[in-house]
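Student: What follows is each chain in one-letter form.
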Amino acid sequence: AQSVTQLDSQVPVFEEAPVELRCNYSSSVSVYLFWYVQYPNQGLQLLLKYLSGSTLVKGINGFEAEFNKSQTSFHLRKPSVHISDTAEYFCAVTYTGGFKTIFGAGTRLFVKA
Amino acid sequence: GAGVSQSPSNKVTEKGKDVELRCDPISGHTALYWYRQRLGQGLEFLIYFQGNSAPDKSGLPSDRFSAERTGESVSTLTIQRTQQEDSAVYLCASSLGRIGSGEQYFGPGTRLTVT
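Going down the list, the protein sequences come from chains A and B.
First residue of the first sequence: 1118, per the numbering used here; consecutive thereafter.
First residue of the second sequence: 3, per the numbering used here; consecutive thereafter.
Derived from the structure by calculation, the hints contain no laboratory data.
Keep in mind that this is a model prediction, so the values were computed, not measured.
For every residue, glycine included, the Cβ atom is placed at its ideal position computed from N, Cα and C.
Misleading hints may appear alongside valid ones.
Listing some non-contacts, in silico: residues in chain B with all C-beta distances to chain A over 12 Å [claimed, not checked]:
#, residue
1, Lys13
2, Gly18
3, Val21
4, Asp65
5, Arg66
6, Ser68
7, Glu70
8, Glu74
9, Arg83
10, Thr117
Computed spacing ranges between beta-carbons, pair by pair [stated by the list, open to error]:
#, chain 1, residue 1, chain 2, residue 2, range
11, B, Arg113, A, Arg1194, 14 to 22 Å
12, B, Ser64, A, Pro1135, 30 to 38 Å
13, A, Gln1159, B, Ser75, 21 to 29 Å
14, A, Leu1168, B, Gly61, 21 to 29 Å
15, A, Leu1173, B, Ser68, 40 to 48 Å
16, B, Arg83, A, Ser1144, 32 to 40 Å
17, A, Thr1122, B, Gln85, 41 to 49 Å
18, A, Glu1137, B, Ser75, 29 to 37 Å
19, B, Arg113, A, Ser1147, 15 to 23 Å
20, B, Arg83, A, Ile1177, 36 to 44 Å
21, A, Glu1183, B, Gly42, 26 to 34 Å
22, A, Arg1225, B, Gln85, 21 to 29 Å
Subject to a maximum C-alpha distance of 16 Å in a straight line, what follows is the list of computed EDC-like cross-link-like pairs (lysine to aspartate or glutamate) [said to hold, decoys possible]:
#, chain 1, residue 1, chain 2, residue 2
23, A, Lys1166, B, Glu105
24, B, Lys59, B, Glu70
25, A, Lys1217, B, Asp65
26, B, Lys17, B, Glu87
27, A, Lys1229, A, Asp1202
28, A, Lys1229, A, Glu1205
29, B, Lys19, B, Asp58
30, A, Lys1217, B, Glu87
31, B, Lys13, B, Glu87
32, A, Lys1166, A, Glu1183
33, A, Lys1186, A, Asp1125
34, A, Lys1217, B, Glu46
Construct the complete structure from the given sequences, taking the supplied hints into account.
Tutor: Structure below.
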């Protein structure tokens, strides 16, 4: 079955430190990959997406993600986090030719002063 | 409106009662999705509407769940004879077009509590 695994349920990190949120998906067939963010008491919004082309994708708020087909991964990174980055981050996969998007369980990023 | 709206924002109901949740997608978005998010878990796909095509209901967990959409506008998700395990946040999203590469725009969700 198709699945998305976010390896860390919670990631605490100090302000201005780098962070990586891990995401792996279950199949190596062609995919579209997404990261969504849910700030406290707000709805989900798109952070970035990979459709094709360059495997390094840049998104909003200084985040970037790298698509690694051989490892079926799409890890999210930021070189220096801010308190305002505290939120829940969801990795999602849509298999090309389809429409059903599969979401991971989410990673709660908690940035400490 | 500017975004996806959902109503009510919160709903508390007694076990065995029916509930109806509403979603207003962004105007012009032909695709509409319903998800369920249980506490501490990811989003669980429920159902997908695309234009006038037959909806994909493969994610509905039981026959107590049903959904309708009027053309390319409002959608309602109905849960009959609610159970405590139905307690969750129900999210609606809409997107342009049929291809799965499109960004989904999410509503704020309806928090359902079954007592």
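Student: It remains to establish, for every hint, whether it holds in the given structure.
Tutor: How the hints compare with the structure:
1. Lys13: Lys13(B) is indeed farther than 12 Å from all Cβ atoms of chain A, at 17 Å.
2. Gly18: holds (30 Å)
3. Val21: holds (20 Å)
4. Asp65: holds (20 Å)
5. Arg66: holds (21 Å)
6. Ser68: holds (19 Å)
7. Glu70: Non-interface label on Glu70(B) holds, nearest chain A Cβ at 19 Å vs cutoff 12 Å.
8. Glu74: holds (15 Å)
9. Arg83: holds (27 Å)
10. Thr117: holds (23 Å)
11. Arg113(B) with Arg1194(A): 14 to 22 Å: About 32 Å separates the Cβ atoms of Arg113(B) and Arg1194(A), which means 14 to 22 Å is violated.
12. Ser64(B) with Pro1135(A): 30 to 38 Å: Taking Cβ atoms as reference, Ser64(B) and Pro1135(A) lie about 44 Å apart, which means the hint is violated.
13. Gln1159(A) with Ser75(B): 21 to 29 Å: This hint holds: roughly 24 Å between Cβ atoms.
14. Leu1168(A) with Gly61(B): 21 to 29 Å: holds (24 Å)
15. Leu1173(A) with Ser68(B): 40 to 48 Å: Check passed, 43 Å falls within 40 to 48 Å.
16. Arg83(B) with Ser1144(A): 32 to 40 Å: holds (37 Å)
17. Thr1122(A) with Gln85(B): 41 to 49 Å: Hint violated: Cβ distance 28 Å, outside 41 to 49 Å.
18. Glu1137(A) with Ser75(B): 29 to 37 Å: Distance hint for Glu1137(A), Ser75(B) is violated at roughly 41 Å.
19. Arg113(B) with Ser1147(A): 15 to 23 Å: violated (36 Å)
20. Arg83(B) with Ile1177(A): 36 to 44 Å: With Cβ atoms ~42 Å apart, the hint holds.
21. Glu1183(A) with Gly42(B): 26 to 34 Å: holds (27 Å)
22. Arg1225(A) with Gln85(B): 21 to 29 Å: Holds, since Arg1225(A) and Gln85(B) (Cβ atoms, about 28 Å apart) stay within the stated range.
23. Lys1166(A) with Glu105(B): holds (8 Å)
24. Lys59(B) with Glu70(B): Holds, because 11 Å separates the two Cα atoms, which is no more than 16 Å.
25. Lys1217(A) with Asp65(B): violated (20 Å)
26. Lys17(B) with Glu87(B): holds (10 Å)
27. Lys1229(A) with Asp1202(A): Holds. Lys1229(A) to Asp1202(A) sits at ~10 Å (cutoff 16 Å).
28. Lys1229(A) with Glu1205(A): OK: Lys1229(A) and Glu1205(A) at ~15 Å, within 16 Å.
29. Lys19(B) with Asp58(B): Outside the cut-off at roughly 25 Å; violated.
30. Lys1217(A) with Glu87(B): With a Cα-Cα distance of about 24 Å, the restraint between Lys1217(A) and Glu87(B) is violated, given a limit of 16 Å.
31. Lys13(B) with Glu87(B): holds (14 Å)
32. Lys1166(A) with Glu1183(A): Answer holds: Lys1166(A) to Glu1183(A) is near 10 Å, not above 16 Å.
33. Lys1186(A) with Asp1125(A): Answer violated: Lys1186(A) to Asp1125(A) is near 20 Å, above 16 Å.
34. Lys1217(A) with Glu46(B): holds (11 Å)
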